[in-house]
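*Asks:* Letter by letter, the chains look like this.
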Amino acid sequence: MLGLGIVNGLIVTMKNFFRKPFTISYPEQRVLQHPRFRGEEFTWYEERCTACASCAKFCPLGIIRIVTHPSGETPTEGDSYAIDAFDIDIGRCMFCGLCVEACPYDALFMGSGFEEAKPSRRNLVITVDHLRAADKRPSTWFRPQLEAQGYDPHKGTEVTWRDAGREHFLYHVPQRPEQESSTATEEGKP
Amino acid sequence: MPIRSEPVTVNVGPQHPSTHGVLRLRVTFDGEVILDMEPVFGYLHRGSEKLGEERTYTQVITLTDRLDYVASMTNNQAYVLAAEKLAGIQAPERGMYLRVIAAELQRVASHLVATGFLLNDLGAFATPLMYCFRERERILDLFEMLCGARITLSYMRVGGVFQDAPEDFWPALRKFMADMPHYLDEYEQLLTDNEILVTRTKGVSILNADHALNASVTGPVLRASGLPWDLRKIDPYEIYNRVQFDVPVGKAGDNYDRFKIRIDEMRQSLRIIEQCIDQIGPGPVRAIVPSLIRPPIGDAYGRIEGPKGELGFYLVSDGSIAPYRFKIRSPSLINLTVLRDILIGWKLADMIVTLGSIDINMGEVDR
Ligand code: SF4
Ligand code: SF4
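Residue numbers (our numbering), protein chains in the order written: chain V, 1 to 190; chain Y, 1 to 367.
Excised from the complex, chain V in its bound form (with noise of 0.2 angstroms):
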């Protein structure tokens, strides 16, 4: 019958009316993301990195620049080196993760916030200065030892590097018992 359809519809349209609306009002309110988000302001602890570069090898876009200089604090165990620029271009970045992904100590971790703006593109790289002073609360995206505490970066406390423990890759391969980690023996070599 002609009509038929489109009152169908309007019965549609008022069973909608009448539900609790789906949107928020964001600045006001706010969703919570999940603990895996993975956002801006990259979690970066000093006392882990070694300056191995690998998250800037792994950056499909190569936007993460180190410069390092031999330290000299122990030349007879063999000279670890000091950081003089960890730059992040996050105007550029897609946040894809990989470079976390690549770290094979730990050091580096995704951020959790999304409301980056800023007036110029300069102001949008993450130096090292940035990135030693930002708040440490890491998305456990890819970091499945945060997952195991249960950690959630929107609702816990900072966690300092102690805390955040060493990611495993047998969390990822939970078959293989000897530490078979592709990611340390391949990205590991200088």
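The reader is advised that the hints may include incorrect statements.
[Said to hold, decoys possible] With a Cα cut of at most 20 angstroms, we get these calculated SDA-like pairs of lysine to any residue:
{"hint": "1", "chain 1": "Y", "residue 1": "Lys-50", "chain 2": "V", "residue 2": "Pro-60"}
{"hint": "2", "chain 1": "V", "residue 1": "Lys-20", "chain 2": "Y", "residue 2": "Glu-186"}
{"hint": "3", "chain 1": "V", "residue 1": "Lys-57", "chain 2": "Y", "residue 2": "Glu-53"}
{"hint": "4", "chain 1": "V", "residue 1": "Lys-118", "chain 2": "V", "residue 2": "Asp-87"}
{"hint": "5", "chain 1": "V", "residue 1": "Lys-15", "chain 2": "Y", "residue 2": "Thr-127"}
{"hint": "6", "chain 1": "V", "residue 1": "Lys-155", "chain 2": "Y", "residue 2": "Lys-175"}
{"hint": "7", "chain 1": "V", "residue 1": "Lys-20", "chain 2": "Y", "residue 2": "Lys-327"}
{"hint": "8", "chain 1": "Y", "residue 1": "Lys-50", "chain 2": "V", "residue 2": "Leu-61"}
{"hint": "9", "chain 1": "Y", "residue 1": "Lys-175", "chain 2": "V", "residue 2": "Asp-87"}
{"hint": "10", "chain 1": "Y", "residue 1": "Lys-202", "chain 2": "Y", "residue 2": "Pro-166"}
{"hint": "11", "chain 1": "Y", "residue 1": "Lys-202", "chain 2": "Y", "residue 2": "Glu-137"}
{"hint": "12", "chain 1": "V", "residue 1": "Lys-118", "chain 2": "V", "residue 2": "Leu-131"}
{"hint": "13", "chain 1": "V", "residue 1": "Lys-15", "chain 2": "Y", "residue 2": "Pro-166"}
{"hint": "14", "chain 1": "V", "residue 1": "Lys-15", "chain 2": "Y", "residue 2": "Thr-192"}
{"hint": "15", "chain 1": "V", "residue 1": "Lys-20", "chain 2": "Y", "residue 2": "Arg-294"}
{"hint": "16", "chain 1": "V", "residue 1": "Lys-20", "chain 2": "Y", "residue 2": "Thr-127"}
{"hint": "17", "chain 1": "V", "residue 1": "Lys-136", "chain 2": "V", "residue 2": "Pro-119"}
{"hint": "18", "chain 1": "Y", "residue 1": "Lys-347", "chain 2": "Y", "residue 2": "Val-12"}
{"hint": "19", "chain 1": "Y", "residue 1": "Lys-251", "chain 2": "Y", "residue 2": "Glu-188"}
{"hint": "20", "chain 1": "V", "residue 1": "Lys-20", "chain 2": "Y", "residue 2": "Lys-50"}
{"hint": "21", "chain 1": "V", "residue 1": "Lys-15", "chain 2": "Y", "residue 2": "Asp-179"}
Read the hints as simulated data drawn from the structure, not as lab findings. Quick caveat: nothing in here was measured; it's all calculated off a predicted structure.
With the hints as your guide, set chain Y with the ligands onto chain V.
*Replies:* What follows is chain Y with the ligands alone, placed relative to chain V:
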């Protein structure tokens, strides 16, 4: 006295470089009737195929996200299948199930976008689109749980998925699975018998099966013409041979069938996900793969049934860490080629609807 009219050529479509989905249609009209038309594309060309040749096999995954940006998951899947074929890697079972669940969710999301925008183009301004987006939003929330992103997912890796689903993913997925059929019923109640929709789309822009076959059209557009060609059935990849589902086909190949078939396919996708949830067992989700993959010299073509049609990746390896040649067979581009033939003789208003019913994505057309 008869009114004398002469053909006019009009450029239709947004062409500003900052808009997304830039497609220009050069149409010759006689009054309102289309005499000739030619899709002009290339405005969104980013050289993805060339860029892929200088990135490692893992890094290319991030490029595939940006092809069809409303269906990143299936792009990931097609690419990793091609790369796995090339490198001779077998993904573990749980990884394959997770990939299928994610890909079917993505198919639902993509069809929701297609349906919503088709109706939006039809003049049902925003209401059905918003209903569709409401459900799509929940799928994106599920994706955020899985991989921390909503659009540019990069969830899959060569040899599996990057990480197992978190604990709270499964209850959320079940809840979604329980709700979604009601929403689909609602869409059908709202739309399928709606007289305006039926008059506007039934019998409009008919693509017959022969023509579709000759033009290499795939996906819902081909199935709407009556050919049950679905790679998930015909060339089962991953675990599709373990799940039961039907391939919905249309009869006439008109705009209405192309709209209806997407709703039917969503139901089938939900069926597949349900079976996957039942069948998925514990185990690893990712094979042990070096992070710099060096596949043996050779080539491989991996294809899947994407939401828009057969999505294929052709990779040639020269033994190095990056593909020597990276070619994308994108369904949108090939489906777009029939647009001219099915539009001639129809009116301007039908053009927009037909374009919507073919469901192209410019990110994939131009690459
Ligand atoms: S998230 Fe991706 S694009 Fe951004 S710095 Fe890391 S690897 Fe590069
Ligand atoms: S990969 Fe990790 S350890 Fe190496 S430089 Fe980057 S953050 Fe530091």
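*Asks:* What's the verdict on Lys-15 (chain V) and Asp-179 (chain Y), does the C-alpha distance respect the 20 angstroms limit or exceed it?
*Replies:* Distance ~15 angstroms between Lys-15 (chain V) and Asp-179 (chain Y) Cα, so the pair holds.
*Asks:* CA of Lys-118 (chain V) to CA of Asp-87 (chain V), is that 20 angstroms or under?
*Replies:* Satisfied, since the Cα-Cα distance of roughly 16 angstroms is no more than 20 angstroms.
*Asks:* Under the criterion that the straight-line Cα-Cα distance not exceed 20 angstroms, is the pair Lys-15 (chain V), Thr-192 (chain Y) satisfied?
*Replies:* holds (17 angstroms)
*Asks:* If you draw a straight line from the CA of Lys-175 (chain Y) to the CA of Asp-87 (chain V), is it 20 angstroms or shorter?
*Replies:* Measuring from Cα to Cα gives roughly 42 angstroms; hence the hint is violated.
*Asks:* Are the Cα positions of Lys-202 (chain Y) and Pro-166 (chain Y) separated by 20 angstroms at most?
*Replies:* violated (45 angstroms)
*Asks:* Would the pair Lys-20 (chain V) and Lys-327 (chain Y) pass a check requiring their Cα atoms to be no farther apart than 20 angstroms?
*Replies:* violated (47 angstroms)
*Asks:* With a cut-off of 20 angstroms on the C-alpha distance, tell me whether Lys-15 (chain V) and Thr-127 (chain Y) pass.
*Replies:* It holds: about 13 angstroms lies between the C-alpha atoms, which stays within 20 angstroms.
*Asks:* Going straight from one Cα to the other, do Lys-202 (chain Y) and Glu-137 (chain Y) come out at no more than 20 angstroms?
*Replies:* Measuring from Cα to Cα gives roughly 30 angstroms; hence the hint is violated.
*Asks:* Holds or violated: are the alpha carbons of Lys-347 (chain Y) and Val-12 (chain Y) at most 20 angstroms from each other?
*Replies:* OK: Lys-347 (chain Y) and Val-12 (chain Y) at ~13 angstroms, within 20 angstroms.
*Asks:* Take a quick look at whether Lys-15 (chain V) and Pro-166 (chain Y) sit within 20 angstroms of each other, Cα to Cα.
*Replies:* Distance ~34 angstroms between Lys-15 (chain V) and Pro-166 (chain Y) Cα, so the pair is violated.
*Asks:* Hinted pair, alpha-carbon criterion (20 angstroms max): Lys-20 (chain V), Lys-50 (chain Y). Please report holds or violated.
*Replies:* violated (48 angstroms)
*Asks:* Just to be careful, I want the Cα atoms of Lys-20 (chain V) and Thr-127 (chain Y) compared with a cutoff of 20 angstroms; is the pair within it?
*Replies:* holds (16 angstroms)
Checked against the numbered hints above, the structure breaks hints 6, 7, 9, 10, 11, 13, 15, 17, 20 and satisfies the rest.
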